[in-house]
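So you can see what is in the structure, the chains are spelled out below.
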Amino acid sequence: MNIEETPLPGIGVRRELRLATGRRVGVVTHRDGHTELILSRVDDPDACAASIPLSADEASTLGQLLGSAQLVAQLTAEQEDVSGISTHQIMIRKGTAFAGRPLGDTQMRTRTGTSIVALLRGDDVIASPRPGEILKVDDLVVIVGTDNGLADAALILQSRP
Amino acid sequence: MDPTTLSLIQLGIVFFALGFLGRLAGRIGMSPVPLYLLGGLAFGNGGFVNLGGIDDFAHIASEIGVILLLLMLGLEYTAKELVTGLRQSWMAGLVDLVLNMLPGVAVALILGWGPVGALVMAGITYSSSSGIIAKVLGDLGRLGNRETPVILAVLVIEDLAMAAYLPILTAVLASVSFLGGLTAVGISLAVITMVLLGALRYGHMVSNVLDSPDRESFLLKLLGAALLVAGVASALQVSAAVGAFLLGIAISGGTAENATRVLEPLRDLFAAMFFVLFGLNTDPRTIPPVLGVALILALVTALTKVATGWWAAKQQGIGVPGRARAGAALIARGEFSIVIAGLAVASGAVPTELAALATTYVLIMAVSGPIAARYVEPLVRVVQGKKPEPAI
Chain A
57 MNIEETPLPG IGVRRELRLA TGRRVGVVTH RDGHTELILS RVDDPDACAA
107 SIPLSADEAS TLGQLLGSAQ LVAQLTAEQE DVSGISTHQI MIRKGTAFAG
157 RPLGDTQMRT RTGTSIVALL RGDDVIASPR PGEILKVDDL VVIVGTDNGL
207 ADAALILQSR P
Chain B
16 MDPTTLSLIQ LGIVFFALGF LGRLAGRIGM SPVPLYLLGG LAFGNGGFVN
66 LGGIDDFAHI ASEIGVILLL LMLGLEYTAK ELVTGLRQSW MAGLVDLVLN
116 MLPGVAVALI LGWGPVGALV MAGITYSSSS GIIAKVLGDL GRLGNRETPV
166 ILAVLVIEDL AMAAYLPILT AVLASVSFLG GLTAVGISLA VITMVLLGAL
216 RYGHMVSNVL DSPDRESFLL KLLGAALLVA GVASALQVSA AVGAFLLGIA
266 ISGGTAENAT RVLEPLRDLF AAMFFVLFGL NTDPRTIPPV LGVALILALV
316 TALTKVATGW WAAKQQGIGV PGRARAGAAL IARGEFSIVI AGLAVASGAV
366 PTELAALATT YVLIMAVSGP IAARYVEPLV RVVQGKKPEP AI
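Protein chains in written order, with the numbering used here: chain A, 57 to 217; chain B, 16 to 407.
The hints are simulated quantities; they were obtained by calculation from the structure and are not laboratory data.
Careful: at least some of the hints might be erroneous.
[Said to hold, decoys possible] Here are the in silico distance ranges between beta carbons for each label pair: (1) B:Leu310 - A:Gly89: 17 to 23 angstroms; (2) A:Thr202 - B:Pro228: 50 to 56 angstroms; (3) A:Asp99 - B:Leu23: 55 to 61 angstroms; (4) B:Gln399 - A:Leu176: 40 to 46 angstroms; (5) A:His86 - B:Thr99: 18 to 24 angstroms; (6) A:Ala115 - B:Gly27: 41 to 47 angstroms.
Small disclaimer: the values here were computed from a predicted structure and weren't measured.
For each residue, glycine too, the CB sits at the ideal point set by N, CA and C.
Just need the whole structure built from these sequences, with the hints factored in.
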């Protein structure tokens, strides 16, 4: 990904990404250290639909939220107060290793000890899916297992080929 | 009453009133500069209080106010930003200069104020207010917009041009002979070039000398250096304000940020005094006769600034709404125009109506600039016949 950097004399620096949809999303870092999250408009790509001021803490938390490895760690932490078994939903994202492949290929039970109990596809619920069921992009995989097992499962489903 | 006691009471009244005006400006989201000018007009001839007791203080305070205004303007930019800005946007800067100086020159010549008056009016109509514009861009959430760097580049070049213009102006205002003026201009331009080059290479040394972990000694060193440099610059026929501006450019990095922080309240105090004094020295009765001219000048120079921004944004491949936003954002004039008028009036080389025209003009432009910047977007949409789409 290319990050475009534009100096704003007297104010700070703007760093942004051009998304596949043509929109710009990025950050304005002010001289005094505070940040603004910016997102360009749909109807006027030169302009911003939103510029949201963030404190240093908020900015770094948002950054972690956007990184999937940290997401898993956070999910684990959230479930810590529930003893034993937990349920998680993990989304099959575009470009991940198992998008378009049968469920059985993940070997989830063997590798992590967790069970895939359902697939949520749009408004449909596929309960107790068979190993031959093809995983599609945007499917939500519902998994039951121990916290450690779920964290491993999330890593497997989010891995890239 | 003891003169000192009287001065204290008068000064108290002035600052107290300015405080309320500043708060009012913040409430309605505008720059306090026009309100300070109005405050000065009200206090002056036939105003509420006769301010004879604080004349001396007001003069030195307003002088310090200009020095701090320019010093902080210099602090906002690094020498590198100035040089890069100049290299990338000199064309836009040239269009800006020609389009916006011409109306001022024309008005001065039509009113018979001669070449000196023309030079002064050129500066007044040329210089956009970086203070007002930077604030408006932030308030409207446009820092992420693609036309914003274009606007800022134009402002950077204007400020650089001011660094050359102000000493030329001071030299012309001060000197009687053409040759004397030319020599003074030559000296001042040479000094500026040297300082700018020095700032590029040795700026960190200046910063190191001034820097101090202790707030108090930092403030004193900084203020001392600013006054010293301004004074020396003034003695060399380069204006005091430009000396301060160049010092500001030479200070860089963390020192510049800290300097901005400690100097801001001081600048607000003394700069307010400067605007009030300018208002005080303008007789409100001279305004009605120049009101018509000021309105026409305001309209024309609003259009020329829109044309400048439009052209500059178009060069960067920015769409029609962005071009309009860039143009409208540049309309606001403010502190610089008053600084120029103040220098001219103090020298006595221009007619008094010029002060009245400058005050009226800045009152109109400082108020209408942010309004234009805010409402240009819906206006473009109406002209283009587009319905507002959901933005997200």
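task: Just tell me: holds or violated, for the beta carbon distance of Asp99 of chain A and Leu23 of chain B against 55 to 61 angstroms?
output: holds (59 angstroms)
- request: Take the C-beta atom of His86 of chain A and the C-beta atom of Thr99 of chain B, compute their distance, and say whether it sits inside 18 to 24 angstroms.
  value: holds (19 angstroms)
message: Quick check: does the Cβ-Cβ distance between Leu310 of chain B and Gly89 of chain A fall within 17 to 23 angstroms?
response: Between Leu310 of chain B and Gly89 of chain A, where Cβ atoms are some 43 angstroms apart, the hint is violated.
- prompt: Does the Cβ pair Gln399 of chain B, Leu176 of chain A satisfy 40 to 46 angstroms?
  reply: holds (43 angstroms)
- prompt: Has the hinted range 50 to 56 angstroms been met by the Cβ atoms of Thr202 of chain A and Pro228 of chain B?
  reply: The hinted range 50 to 56 angstroms holds for Thr202 of chain A and Pro228 of chain B, with Cβ atoms some 53 angstroms apart.
task: Take a look at whether the Cβ-Cβ distance between Ala115 of chain A and Gly27 of chain B falls inside 41 to 47 angstroms.
output: holds (44 angstroms)
When each numbered hint is compared with the structure, a violation occurs for hint 1 only.
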